[in-house]
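So the protein lines, in turn, are chains A, B, C, D and E.
Residue numbering for the first sequence follows the working numbering, beginning at 2 and increasing consecutively.
Residue numbering for the second sequence follows the working numbering, beginning at 346 and increasing consecutively.
Residue numbering for the third sequence follows the working numbering, beginning at 48 and increasing consecutively.
Residue numbering for the fourth sequence follows the working numbering, beginning at -8 and increasing consecutively.
Residue numbering for the fifth sequence follows the working numbering, beginning at 365 and increasing consecutively.
In the SDA-like style, the derived pairs of lysine to any residue whose C-alpha atoms are separated by at most 20 Å in a straight line are:
#1 B:549 / B:531
#2 D:235 / E:655
#3 C:155 / A:133
#4 E:654 / B:411
Residues on chain A that point at chain B, a partial pick, calculated with CB under 8 Å:
#5 61
#6 89
#7 96
#8 101
#9 102
#10 103
#11 104
#12 108
#13 149
#14 152
Which chain C residues stay away from chain E? Per the calculated CB distances, all over 12 Å, these:
#15 409
#16 419
#17 524
Since the hints were made in silico from the structure, they are not lab data.
C-beta: ideal position from N, C-alpha, C; glycine also.
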Amino acid sequence: MSLKLEEKAISSKQQFEPLIVAFCCNWCSYAGADLAGTSRLNYPANIKIIKVPCSCRVSPNFVLRAFQRGADGVIIAGCHPGDCHYSTGNYFTRRRFTLFANLLEYVGIEREKFKIEWISAAEGNKFATVMNEMLDSINKLGPSRKLRDGRWIRQQ
Amino acid sequence: MDKTTVRMQQIALQTLANGEVDVILGWKKGDEWYDSYPVVINDINETAELIWDAFCVNNLSKYLITELKKNLRIGVFLKGCDSLAFNQLVIDNRIDSERVVIFGLPCPGMIDPQKVKHAGLNKGLLKVERTGDKIVFITKEGVKEYIGRSFDYDKCLNCRCPNPVVSKYMLSDAVTRTDEEQYFPDVTEIEKMPLEARYDYWTKQFSKCIKCYACRNICPLCSCETCVFDNIAAGVSSKADADCEQQFFHIIRAYHVAGRCVDCGECSRVCPVGIPLEKLNRKIIKDINQLYGDYTADTDIAKSPPLGTYKVDDFDPFDGSKQGGKK
Amino acid sequence: MPRIGAFVCWCGTNIAGTVDIEQVVQAVSEMSGIVYVKDYQYMCSEVGQNLVKTAIKEWQLERVIIASCSPRMHENTFRKAAKAAGLNPYLVEVANIREHCSWVHKNKEEATKKAIALIRAAVAKASLNTELIAKEIDVENRALVIGGGIAGIQTALDIAEAGYQVDVIEKSPSIGGKMAQIDKTFPTLDCSACILTPKMVDVASHPNINLYTYSEIESVNGFVGNFEVTIKQKARSVNLEKCTGCGICTEKCPSRKSKSEFDEGLRTRGAIYTPFPQAVPNVPVIDREHCLKFNTGKCGICEKLCPAGAIEFGQEDVLVTKKYGAVVVATGFDIIDLDKFGEYQYQNHPDVLTSLEFERLTNAAGPTAGKFIRPSNNKRPEKVVFIQCVGSRDVSSRGKSYCSKICCMYTAKQAMLIKDKYPDIEVYVFYIDVRTPGKNFDEFQRRAVEEYGVNYIKGMVGKIFPAGDKLIVHGVDSFTGDTLKIEADMVVLAAAAQAKPDAEVLGRKLAISTDTNNFFTEAHPKLRPVETHSAGIYLAGACQGPKDIPETVAQAGAAAAKVIGLLSKRKLVSNPCVSVVNEDLCNGCLSCLKICPYDAIAAKELATNNHGITSKRIVAKVNEALCQGCGGCTVACRPGAIDLKGFTNKQITAEVDALCH
Amino acid sequence: MSCNCQKNVDSLIPQVAVIDSIRKETADVATFRIITPAGGKSFDFLPGQCAMISIPPIGEAIFSITSSPTEQRFLEFSIKKCGSVTECLHSMEIGSEVGIRGPYGNHFPVNDVLRGRDLLFIAGGIGLAPLRSVINYIMDNRRDYGTVDIIYGARSPEDLVHQEDIMNFWPKQINTKVHLTVDRAVDGWSGHVGFVPSYIKELGLANNKVALVCGPPIMIKLGLQALEQVGFKREQIYTTLELKMKCGVGKCGRCNIGDKYVCKDGPVFRCDELQQLPDEY
Amino acid sequence: MKQVYKRDLERLWQTISEHFELYLPLEQDGKVNFMPWKQGENVNIDRLKTDLSPKNIIFPPTETYLKFRTVNKRLCFESVGGKNDKYVVFGMRPCDAASYSILDKVFLQEPIDRFYEERRTNGIIISLACSEPEETCFCSSFGIAADNPVLGTDIAAWDIGESILWQPKSEKGKKLTGILDNILQDTSEHEIIALERLQQSIREKLAQLPWVDLDLEIISNNMKEMFESKVWEELSKSCLGCGVCTFVCPTCHCFDIQDFGAERNGERFRCWDSCMYSDFTRMAHGNPRKTQTERFRQRFMHKLVYFLNNNGVYACVGCGRCVEKCPVNMNIVKVIKKLGGD
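Whenever a hint applies, use it, and build me the whole structure from the sequences.
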C-alpha cells in the first residue's frame, strides 16, 4: 500500500505557511474582499480567493478537494442570510454546510479548518478581520495532514 | 408452513392471476438455512416457492427502479424499513407508486447468520424458524429453542419502524415494540471522543474500505442512474487505495443520503470489512432532527426533504455577529 | 490545451508597487497552455486593450487572462475587447491581483507569490472555459424611484418626461424631503419652497408618475429589466381619493402632544396631520400611536367632521407587487444624533439648535412665523454662535470621519441671513476649515465675512456652560491661541450628515452594497458614480454620500438618463452563465427544482423504450431565460447531472487544484 | 532535477516520444508522427499492431499504427477526437512529449496468408488507419502480392483521411485500384455515392481475394454480409476490433471476447474465428 | 517434517520478523485479515478463512508503478512499484495458497508482470491445513486438498493441537526452515500419527459439507452455448452490481490503470477493478456490456470457461468468501448448479 505515505514531518512551526482557500460569492463577499482592497486593509497572503456566483454554488466536493490538495483551511463566504443576491441561495448554503461542518467535525476535522462566514459587500473590515482570525487559528492548530492526499506534490 | 408465508403465496397467486400485477418481487429459499434471496416472478406456478422467514433481509424496493422499466405493474413485499425506502424513492421520483402494489410485512427482526455462526449453532443446521421473539433452530440432531433477540442483526435491534408505513395488503398483525428507544447512543459515543481520537477512528475505519461499493449498491436510496463515483468525467472517481480517497468517498456518500437515509442499516450489514457506515448516516439524521425538526425520511411523502427547503430563522452556526464587522 | 495569452497590468504602481511584475511574467510564461505574456502599465487603457486585441489575432489566442484589478471593475472592458478581436467574451478570465493582492499585502515576495497563484488559478479555469452566447430578455417598461426628496423628484420627472412610467415611493406622508424644510438656498438665497413646490406639484400631476407616499419597500426580487418589487402602503387611515384637503380634521384634532417632524419638533401637531401646508399629496394621515381613537377607542372627531367621509380607521397596510425594469435609490440622508456631544448642551438647553432646526426657526411658515426669537424666552438673541463640524471629520467613535460637505455653506448662509435682517446681532462661527469649492461658493462665504461682518474663528469649542439665560461658549482661537468665552444667546450646531439608519436594510433587499458609513456604494467612484454593482439599480442624491442641492439634482438627472437608456432597450442581453442538464446523467429526482429561487427548472418527460415497455423518464430542464446562474441546483444534484456554465464543477475544481499547486 | 528515467524494464512502462508533426486529416482526425527524442521510431512492429500512447496526467489510450513497418524514421497514428486523451492529443503542439509503449497484439498475416494473394481492402472513416499500414507495407513489397483493390468510404469527401495516399499515391501503383465512395452526394464530388457495403456488391469484384475490413461496427457487420453475398467465405476475411483496453498485455481483463483478449489475441481476427466467439463486441 | 510448539509461536514470529516482513492473520474489530505483524498484535490462526483473501499481498489493491515529471517541458518516466523486501506469510489456507498459483498464470505469463513477479519471488508462503472447513467451503470441487497444502505453498503446516507441524515444500521453504532451526523441533512417530488422524478428520469433515458433491463436470465446455444460455438473465436479476465478490475473491485479478496528479508531477497506478461495475467496459462511444446480466455473465464465464480454456484450470478455489459476503446471496455455487441444469 505504497500510497498510504507516512506523514512527512514538518520540522518547525516557523516554516508552516498555511494555505487557506476562500470561496467568495460574487455579490457580497467577493465585493467585501474588493472593499478590503480599496480600503487597503491588510490580511495575510495565505488567503486565496475563488469567485463563485453564490455561496450555494459551493459543493462539499470542492471543500474536500481543497483539503486533499493541501489547503490548511477552507472558508466559504456569502451574503448574510436574507441578503442573497439570488434571494435564497445562502439559506441552502447554511443548511448544507451546517450538516457538512458537523459531519467533518464528527470525522475529526477541527472546526477552525472549515468555516462559513457571512460577509457583505460593505464589510471590508469584517473580511480582513475574519481572514486574519482564520489564519491565526490555523496557525495555532499547526501543520496537519488530515484529509490530505499524500500523492499531491505542492510546488509552493 | 409459516402463516405469513402461506398468506404471501396466496396473495401473490391471487394478484398475478387476476392481473392486478404483472410480476411479483419476493424472496425464495436457497439450499442453505440462511439463504433467502430476492426474486422476480411472473409465473403463478412459482408463487408456491415464495417464502417469508427471518432471513428475508433484502429490501426489494430498490429492484422496483429497474423492474418498473420492464413491467407495467408490480407487486412487492415490503418490511417496515423497506417501506420507508419505498416512500423516499417516490419522493425522489425514482418510481411510479401508482404502478406498485405493496404487500406489507410487519417484521419482528432479521437474524444475522454470523451471530448464529459465532454461537456455534450453524453446524448441521437445516432451518431456522422465528415467531415473534421465539427462534427455533432445527438441526439434523434435533430442535433448539431460543427466546429473545440475541441473533438479530444489530441494525434490527435499533429498529424504529418494524411495521410498513404504506401498503395495500397487510399480511400479518402489526409488531409491537416495548424496547425503550435510546437517542442515538452510538453517535453520541463518537461525538464524545476527543477530536484526534475521532479522526484516528474514522481514518482507520475508512482505510479498511476496498471500494467494492456494496454499501452504495445495497442502499435503496443510492439510486442514481450513474453514480458520480462511477463517472470518470465527474472527476471525483478514483479507485486508488489512498486514505484521502476513502475519506472523500465515505463523507460524500453519507452527505448524498443526508435527509434521505431511512436508517435501514443495510450499508453496514453488507460491508465486507465492517465499516460502521450507519454511524455516519445516523449522525446526520441526529443533526437534522435536532436542527430542523424531527425528520426521518419518511412516512410523509408530502414533506419537503430537509436539504430541499429552509427556514429564514434556521439555526445559524456561522452567524459572525460576535466578530469584526462594521464599526 | 488551448492557446492562452496572459496580460499582466501594473495599474501604475498600484500593482507594480507590491507585486514583482517581472517575476510574475516569468512564472506565467512557464504555465501550461500559455503562449503569450505581456505586461503593461495600464491594461484597461486604450493602448492596453489594443495590446490584448492585437495579441489575440497575432497569436491566435483561444483564451485570455487579464491579471489586473477586480473583475467587478474591468471584466466587461476586457470581454468587449476580446469580442472586438473576434474571441468569445467568455473566454476571458480576470485574475484579481489588485484588490485581492497588491492592495492588501505589504510583503512584496508574498504578494508576488500570491499573484502568480491567482493567475495560475485563472489559467486553470480559463483552459476549461467554453464559448458562451448571451440570450436576450425583455425589459419591463417602468421605473421605480425610492425616495421622494429632491433627488427622487428630479429623477422621476426626468424619466417621466422621456415617456416612461415611473413609480415614486416615499416613506413619509408627503414628498419633498429635506429640501422642503429648508428656508433659503445657497448661494443664491432664493426661497427653497418656491423652487421645490412647483416640482412637487409636477410630480403629483404628471400622467407618467404614480406616487406611493407613506409607503415602504417590502421585498425586491428579480434582476435588471425584470425587478419584482412588493410595496407596503401603510395604512393612512384617510382615503386618498375622497379627501379634499380641507384641513378641518387637522384643526379639530384634540390630540396635540405630537411633535411635528417637519418642524424638527419645534412645534406640535395633531394626531391627524398634514406634515406641511404644501404637502403632496395634500391629504392628512393619522398617527395611530397618538390618536385617541386608536388608543382609547373614544374620540373619532375627525371622522364625524370630515365632510368627504374620507376618514377610514379600519384601513390596513396594503401590499402591492409590481414589475420594474430599473430602480433608482434616492433615499437621502439624516443628521446625526447629538446624544454623544454633551459638551454642547444640545439636550439640555432649548437655545442650542441644530442647523435644520434653525432653518425652521427662520422660516416664514415655521413655528415662529419667521420671527427670529430664542425658543427659551421668545426674545430676540443678541449673540449667536455657530459651531461647524459637529461630528464631521471626527475620528473619535462618536462622530463621522468624513466631511459633511454642506455645512460650511449653509452656516455662512444662516449667519448671513441673520446679519441681513438684524445687523445688530453679533454672529460668531467656529470652524476647523472653511471649504467652499463650488460655483460662487467662496464668493458667498467671503461676503458673509466681508460684507456682513460675521466673525469667523478658526478653532474648536471646548464646552458650553449655561449661565442664567446665557450660554457661555468656551473656545480657542487657534490663530492667536487665545481662549475665548462668548456669552451667547443662541448656539447653532452644524451636525454631521449621515446615512439613513435603515439604508443597510434596504441595501440588503436590493442586493446593493453600502460602504463603511452605510452610504450606498457606487459601481465605480469615478466612472460609474450613479450605478451600483447590481445591474439596473442606480443611485441619486445624498444616499450615496453628502451632497448639496445642485449636485443632487445633477446626479438625479444622470440616474434618470441611465434609466432611460436602459428602458429604451426593448431587450437586454442575459447572463449566459446558466445551468445546464446532462440528460444522460439526470435521475429526474428534481432536487434542483425544489431549491431553484426562480422556478427556472421544470420536469421534462423522455419516453424510453425498454424491452417493448415504453416507460417515461423524467429529467430536469432549465429555462435559460429564467435561470440567473446562482448554481444552487448543481450542489443539490447528486450525480452531477446539472452544471453551471462559466462555473462548472471542473472549472472550480481546477481552480482549487491550481491554488494548491 | 535530473532525470533517471528510461530503464524500460516493464511492459506497462512507456518510453518518452516526441510529436514530430501533426497532419490535419479531417475536422476531428489528425495524423501524429511520433519519434524518439533522439530521432527514429520507437520500436518495430507488424501491420495491424497497436501502441499505447500516454499523456500524463490524463491517461493512456491504445491506437493502431498507421504507418508502414517499412518506414524506419517514425511511427504514425491517425487519431480521432473522442474522449479525454484524444482531446488532449489534438490540442498538443509539435515538439510536445508523450509516452508510448508497444507494439501490442497480433497483426495481419502479411508474411504468410496474404503473400501472393489478390487483396481487397475495405475501410470506412478512420478505419483506414490500420489498413494503411498494411497497404503501404505491401506497396513497399509490391512483388510479393497480387492485385490490390481498396474500397474506402466516408460520410463526406471532407471525412476521407489520408487524401494524399488515396488520391495520388496508391492509384499510381501497379495493379492497384482505389474505389472511393461517400455516403451522400455533395457538390464537387464526382465519385461514387453510397454506403460501402452496397458499393462492394456493385463493384462485382472477383471473390478469390483475401479481404481486410476495418471501420465502424455497423460497416463491418454489413460489409461482411455483402462479402458473403458476393461469394467470399469467412475464412477469406480479416478484420480488426476495438474494445476498452487498459494494460495492452492481456492481463487487466476487460477487452476479452469470450476467451480471447483483443489486445493480445487480436486486434486482427479472421472472421470465421470471430464467429466462434460470443457475440459481445 | 519439523514442528513448532504453540508456546514457541511468538518466538517463531519474532525470529521470522527479524529477517522478513511477516504477514499473519490479525484480528481487528472482529474481522481477521492478513496484515504485517508487530509484537502485541492479536493473531488469530483459528479463523483461517480471513475476511478478505490474501491476494492483496501479491496484488495490492493499488500499486503506483510509474512516476512522471515534466522538467523544462521535457517528460520523464520513472518506473516504481514492485517489492524488494522479502516476506513470509504464515497461516494461509490451502485454497488461498492455491489461488496464488492461479494468479501466476495471469501475471507470470509473457509478458511477465515485473511487479507481481517481484512479490512472488520475495514471498514465502506457509500454508496451514484447514482443521475446520466451513459450510461455505467447496475447495474439493476444484481439486484442492484442505488437508494437504501443496499449490502455491512453500511450507505446509498442520495444527495438531500442541504443536504445528512444518514441512518445507520448496527451496525457499527449506531456506526459511534452516533459519528457524533453533525454534523448530524434530517430530516423532507420535506427531505423524496425530497428523494422519488430523488429515482423516479433515477429510471426514469435508465429506459432511453441504456442497461436497458440487461437480464442475456438469458444466458444458461449449463456450458459445454457455454464453447464450438463458439462465444468466434469471441468475443476475438480484445482482446489485457491487464488487464485493470480486474484491474478496482470491483469484479475481482485473485491474484498472489511472493517472493521478498535475502536469508537472504525478503518478500512474493500477488498482483493483471489477467486471461487475457498469463502467468497466464503458467507452466514449458505447459499451459492449450494457446490462448487469452481461456483466454478471462475464464474471462467471471468465471463471468457469474462459480461464479454463486459456489456462487449464478454473479461476476459483472454492474458498466461499463470495458466498458469505454477497449482499443478496447470489454466488458461484448457485451459478454452477444452475448451469448444470439444476
